[in-house]
Amino acid sequence: METWDTKPSFIRSDLPLIDCDIHNRVPSLGTLYPYLPDFWVEYCSTSGFGGPEMGDYPGGAPTSALLDTKPSDGPPGSDLELLREQTLDFWEADYGILNCAYWVQTVHNEYLAAALASATNDWQVEHWLDPEPRLRASLVVSSQNPLSAAQEIERMGDYPGFVQVLLPVRSLMPYGKRHYDPIFEAAVRHNLVIGIHYGGAAGIPPSPSGWFSTYLEEYAGMGQVFQAQVISLVTEGAFDRFPDLRVALIEGGFTWLPSVMWRIDKEWRGLRHNTPWIKRLPSEYMREHLRFTLQPMDTPPDPKQFLRMIGQLDSDDMLMFSTDYPHWQFDSPEEALPMGLPESLMKKILAENAREFYQL
Amino acid sequence: MKSTREKVPVIDTDIHNNLPSSESLHPYLSERWRKHQEMIGGRGHAGSAYPRGMPHAARHDAWPPSGLAPGADLAFMQEQLLDAWDFEYGILNPLMGGSGLNLEYVAAIARAINDWQVEEWTAPEPRLKASIVVPYEDGELAAEEIDRRGEDPNFVQVLLIARTDEPLGRRKYWKIYEAATRYDLPIGIHFGGVGAGPITGAGSPSYYIEDHGGMPQAFQTQVISLVCEGVFERFPTLKFVLIEGGFAWFPPLMWRLDQSWNKLKEEVPDLKKLPSEYMKEHFWLSSQPVEEPPKREYFDLLLEQLNAQERLMFATDYPHWDFDAPDRAFPTSLAPDVRRRIMADNARELYKL
Amino acid sequence: MAKHVVATVDEIPPGERKIVELEGRSLGVFNIDGEFYAVRNICPHQGAPLCEGRLTGLLESNVPGEYKYTRKGEILRCVWHGWEFDIKTGQSWWNPAQRRVRKYPVEVEDGATVASGLQKGPYTAETYSVSVDQRYVVIDMPE
Chain A
1 METWDTKPSF
11 IRSDLPLIDC
21 DIHNRVPSLG
31 TLYPYLPDFW
41 VEYCSTSGFG
51 GPEMGDYPGG
61 APTSALLDTK
71 PSDGPPGSDL
81 ELLREQTLDF
91 WEADYGILNC
101 AYWVQTVHNE
111 YLAAALASAT
121 NDWQVEHWLD
131 PEPRLRASLV
141 VSSQNPLSAA
151 QEIERMGDYP
161 GFVQVLLPVR
171 SLMPYGKRHY
181 DPIFEAAVRH
191 NLVIGIHYGG
201 AAGIPPSPSG
211 WFSTYLEEYA
221 GMGQVFQAQV
231 ISLVTEGAFD
241 RFPDLRVALI
251 EGGFTWLPSV
261 MWRIDKEWRG
271 LRHNTPWIKR
281 LPSEYMREHL
291 RFTLQPMDTP
301 PDPKQFLRMI
311 GQLDSDDMLM
321 FSTDYPHWQF
331 DSPEEALPMG
341 LPESLMKKIL
351 AENAREFYQL
Chain B
1 MKSTREKVPV
11 IDTDIHNNLP
21 SSESLHPYLS
31 ERWRKHQEMI
41 GGRGHAGSAY
51 PRGMPHAARH
61 DAWPPSGLAP
71 GADLAFMQEQ
81 LLDAWDFEYG
91 ILNPLMGGSG
101 LNLEYVAAIA
111 RAINDWQVEE
121 WTAPEPRLKA
131 SIVVPYEDGE
141 LAAEEIDRRG
151 EDPNFVQVLL
161 IARTDEPLGR
171 RKYWKIYEAA
181 TRYDLPIGIH
191 FGGVGAGPIT
201 GAGSPSYYIE
211 DHGGMPQAFQ
221 TQVISLVCEG
231 VFERFPTLKF
241 VLIEGGFAWF
251 PPLMWRLDQS
261 WNKLKEEVPD
271 LKKLPSEYMK
281 EHFWLSSQPV
291 EEPPKREYFD
301 LLLEQLNAQE
311 RLMFATDYPH
321 WDFDAPDRAF
331 PTSLAPDVRR
341 RIMADNAREL
351 YKL
Chain C
1 MAKHVVATVD
11 EIPPGERKIV
21 ELEGRSLGVF
31 NIDGEFYAVR
41 NICPHQGAPL
51 CEGRLTGLLE
61 SNVPGEYKYT
71 RKGEILRCVW
81 HGWEFDIKTG
91 QSWWNPAQRR
101 VRKYPVEVED
111 GATVASGLQK
121 GPYTAETYSV
131 SVDQRYVVID
141 MPE
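Residue numbers (our numbering), protein chains in the order written: chain A, 1 to 360; chain B, 1 to 353; chain C, 1 to 143.
Treat the hints with care, as some may be off.
Heads up, incomplete: computed chain B residues facing chain A, CB under 10 Å, no partners named [as the list claims (entries may be wrong)]: (1) Tyr183; (2) Thr221; (3) Pro293; (4) Glu304.
Pairs of lysine-lysine, DSS-like flavour, derived with a Cα cap of 25 Å [to be verified]: (5) C:Lys88 to C:Lys72; (6) A:Lys304 to B:Lys280; (7) C:Lys18 to C:Lys3; (8) B:Lys172 to A:Lys304; (9) A:Lys347 to A:Lys279; (10) A:Lys70 to B:Lys265; (11) B:Lys7 to B:Lys175; (12) B:Lys175 to B:Lys295; (13) B:Lys7 to B:Lys352; (14) A:Lys7 to A:Lys304; (15) B:Lys239 to A:Lys304; (16) C:Lys68 to A:Lys279; (17) B:Lys175 to B:Lys263; (18) B:Lys239 to B:Lys172; (19) B:Lys280 to B:Lys265; (20) B:Lys263 to A:Lys70; (21) B:Lys295 to A:Lys279; (22) B:Lys295 to B:Lys273; (23) B:Lys175 to B:Lys239; (24) C:Lys72 to C:Lys103; (25) A:Lys279 to C:Lys72; (26) C:Lys68 to C:Lys3; (27) B:Lys263 to B:Lys273; (28) C:Lys103 to C:Lys88; (29) A:Lys304 to B:Lys352; (30) B:Lys172 to B:Lys7; (31) A:Lys279 to C:Lys88; (32) C:Lys72 to C:Lys3; (33) A:Lys7 to B:Lys263; (34) B:Lys352 to B:Lys239; (35) B:Lys172 to B:Lys272; (36) C:Lys68 to C:Lys88; (37) B:Lys295 to B:Lys239.
Derived by calculation from the structure, the hints in this document are not laboratory data.
Ideal Cβ positions, reconstructed from N, Cα and C, are used throughout, including at glycine.
Just need the whole structure built from these sequences, with the hints factored in.
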C-alpha cells in the first residue's frame, strides 16, 4: 500500500474520532525481559521458548500489515513514534485504544503465561500509556486460568489508561461458561470492558468441522467463532450474572449479527426452558451489552444495502470506529467509514458510541 | 388447519424417516455386520451430546398410534404429512448411518439403509424420493455407494452432514464429488453431525440452544471450505443443497468471503472469480428453520439478497420439533410466482422430479 | 353469546384435557385442580394444534443455575415449537402483551340449570343429552 496523502472527508474539527482497534506489538520476547522476574528471564533464554504462538497474522500476508507501517527496527506496531503519526495524528483522533494481541493464553505453562501477561502490561504502561495521553490500552491476561487473570486485573485494573481486558476469540471453552466468572467479576469491579478479539490458538480447531487448509478460510471463518461467543455469553447467562458487563467484539465483522439475533430469538421462544434465566429476547441483551468495532466491514456490493443492513441491527449504538492498524482493511482512508451515513449515526460511530462504552 | 392462500404445489425437501427398531436393518446386513451391530454397534466421537429437549427431537404430535418412533411409520407419515398437506413430493433425509469411527461398518450400515429406504419407503410411496446415505469420512467407500445407487430413480441426492471431521473442501472428500458429478446428483449437507472436535471454534458450549442455534457456524465452515479449496473449479457442475441451516447468514458470508478474498487471493490462485459467484452458482438452500426477523422488510431484503426465487426450497423437517408449516412458514407474504418457485418449482428442477 | 355444553365434569379429571369443536373452532378444555379453562387450539405462531402439547410448569430463574419450578400443569407447551402459554390467561410466556391464544369463559353448571337453560334457548347442548343429576362443563362462545 502506498502512503495515504489525502485525508478522508469525515475528519472534521467538529467531528470527534476514537479509534477502537490499534495494535501495539511486543517486538520480541527480549523486550519483556526487563519486566520479568529473573527466573523467567533465564527460562525464556535457555528453554527454547520463543514466545506465545502467533499464527494469526502471517508475516507476508497483505492483511497483516500495510506496507509503510514497518518501523526501521521492528515489526509493524512496535514503534510509538510511527504509530502515533500514522494513527492518532493522521486520523486526528481524540483517543486510540491499543489492543496488544500478545496471546499468552496459548502458553500451556500457566505460571509463565501469567508472568508474561504482567510483563506485557508493565511494558505497555512505560512505553505506550505514560508517554502518549491520547492512548488507552487493554490488559493482557492469562485467561486460561481465570483466577490468575483476575489477579492481574486487580493489580493493574485501576492504572489510568487501561480501559479493557483483552481475550482472544478462540478459547478452549466459550466465554459464557461460569469458568470465566472471576475475569468478568474483576473487570466489572474495575469498570473495564471485556474486549474479545480476532485470533488466538486455543489448541482446538477453529471450526465445528476441524482445521481449515488455508489462511483465507481461517480468516473469513473467524466470524463463526465470534458468533459462538456471542451466543454463549447471552444464553449461558453472563449478562444475568454480571448486569454491568460490557463486551466489545473486535475485528470479527458484524454483518452476520442480524442473522444471529433472528435465529437465537427464534430458538429462545421455543427453548426458553433450557435457559430460564434469560428473561428478554436474546437480541435485547446483545444490543445492550455488546459493541462491535467497524473493521473489517464485509461490505455488500451495493452501499445502499449496507446502510439497510446497518439498520437491521435496530440500534445506532453498536458500532465503533476502528482502523485495525497496522492491518490492511481498506484501500483508502475514505473507505474506513460506510458511505452515505446520516450525520447523527456517523457521529455515533466515529466517537460517541465508544466514548460512552469505554467511558472516555 | 386450512390455508386461506391460493393453493400451490408443495415439495418438502427435508423429511426424516426413522428405523422402526434396531433390528430393522438385519435383513439388509451381511452376517458379519449383523454380528458387529449386535456386539458393538455404532461408535462415534463421544462427548458432544446435547439432549434435545424432546425425545427424538420430535414434534409432540408426531408419535404414531402404532407406538413406533416419530418418522418410523410410513402410514402415519402419509396421513399426518403427505396427505394432510397434499405434497407433490417429499425428499427423505435419514439422519443415521453416515457417521462413525469404524468406516467399514458405517459403509455396511449406509448400504443397508439405502436398501431399506427403497424397500420400505420409496417403493410403497412414490411421492417419496430418497437421499443416498454414504460413509462420508471415507471418500472411496462413499463413492462406491454412490456408484451403486447413482442411476436408481428412487434416489435424488447424496447426503452429507454439517459437522464433519474436516472441512468438506479438503481433498479427502473429493471422491464423493467426483462420483456425484458422474450421476449429476446434488449433494445435500444436512444439519447435525459430530465433528472430530468441539461443536464450536470456541469449545463446547453448555446448552442445546447453543448446539441447535449455533448450527449455522458449521454450514458457514463448509461453504467457506468448498469455495476456497477450489472444489467448483475442479467439479464445475457440482450442486450443493444446504438443508436445515437457515439462510440469513448466507448473504453476509458472501460479503465477508469476497472482502477476505480481495486481500488474500494470491493464496488461492485456483479461484477464478469472486467467492460469492461460486456461492450463487453452486448452492441451494432449504427454508427451514425460517429466520423470523422483527420486521417484514428485513425478511424481504433477505429474500432478495439470497436470490430466493431461484435458490430457496421449502422444507418442513418433519417429524422434528422445529417443523415449519407449509402455509405459515414465512413471516411475510410472498409474491405468487416467488411462492410457487420456493414451494415446489426450484426443488422440482433441481431434483429433476 | 351461545353457551355450549362440552363435557361432563367427570369426563375431564384434574390434569386432563378434552379437545372439542365449537362453531367450527377447535378448543382445548383443561381441568387444573378442579377449575376448567378453555383456549383456542391454534398456536398464534404457525397454526399448530396447540392444545395437543405437553403440560408443564412455570420455570423461572433469577440467576443462572437456579431453577424455580412452580404451577405444575398450568403451562401448555405448543406441540411443535414449544412456545409456552399460561392456560389460565392464554398469554405466551415470552411476549404476554402481544402473543396470546384466545381464551374462552368456562363455567361448571349442574344439570338442572343446563336443562332449564336449554328450554329457554341460550344453551346449546351439542351432543349431550343433559340429565339433572350430572354436572357439566359449559363454554360461553362470544358472538
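ask   = Hey, C:Lys18 versus C:Lys3, does the alpha-carbon distance stay inside 25 Å?
value = With a Cα-Cα distance of about 17 Å, the restraint between C:Lys18 and C:Lys3 holds, given a limit of 25 Å.
task = Decide if the proposed pair is consistent with the structure: B:Lys280 and B:Lys265, CA atoms, cutoff 25 Å inclusive.
result = 19 Å, holds
ask   = If you draw a straight line from the CA of C:Lys68 to the CA of C:Lys88, is it 25 Å or shorter?
value = Holds: C:Lys68 and C:Lys88 sit about 19 Å apart, inside 25 Å.
ask   = Holds or violated: are the alpha carbons of A:Lys347 and A:Lys279 at most 25 Å from each other?
value = 32 Å, violated
query = Does B:Lys239 lie within 25 Å of B:Lys295 when you go C-alpha to C-alpha?
reply = 32 Å, violated
Proposed proximity, B:Lys273 with B:Lys263 (alpha carbon, max 25 Å) = 14 Å, holds
query = Can the restraint linking B:Lys172 and B:Lys272 be considered satisfied, given a maximum Cα separation of 25 Å?
reply = 22 Å, holds
query = Would the pair A:Lys304 and B:Lys352 pass a check requiring their Cα atoms to be no farther apart than 25 Å?
reply = Given pair A:Lys304, B:Lys352 is violated - Cα atoms ~37 Å apart, limit 25 Å.
task = For the pair we were handed, B:Lys263 and A:Lys70, check the Cα-Cα distance against 25 Å.
result = Holds, because 19 Å separates the two Cα atoms, which is no more than 25 Å.
key: Agreement of C:Lys72 and C:Lys3 with the hint, judged by alpha carbon distance not exceeding 25 Å   = 30 Å, violated
query = Is it true that the CA of A:Lys279 sits at most 25 Å from the CA of C:Lys72?
reply = 20 Å, holds
query = Given the proposed pairing of A:Lys279 with C:Lys88, does the C-alpha separation stay at or below 25 Å?
reply = 21 Å, holds
Figure legend: structure checked against the earlier numbered hints; hints not met, in rising order: 1, 8, 9, 11, 12, 15, 17, 22, 26, 29, 30, 32, 37.
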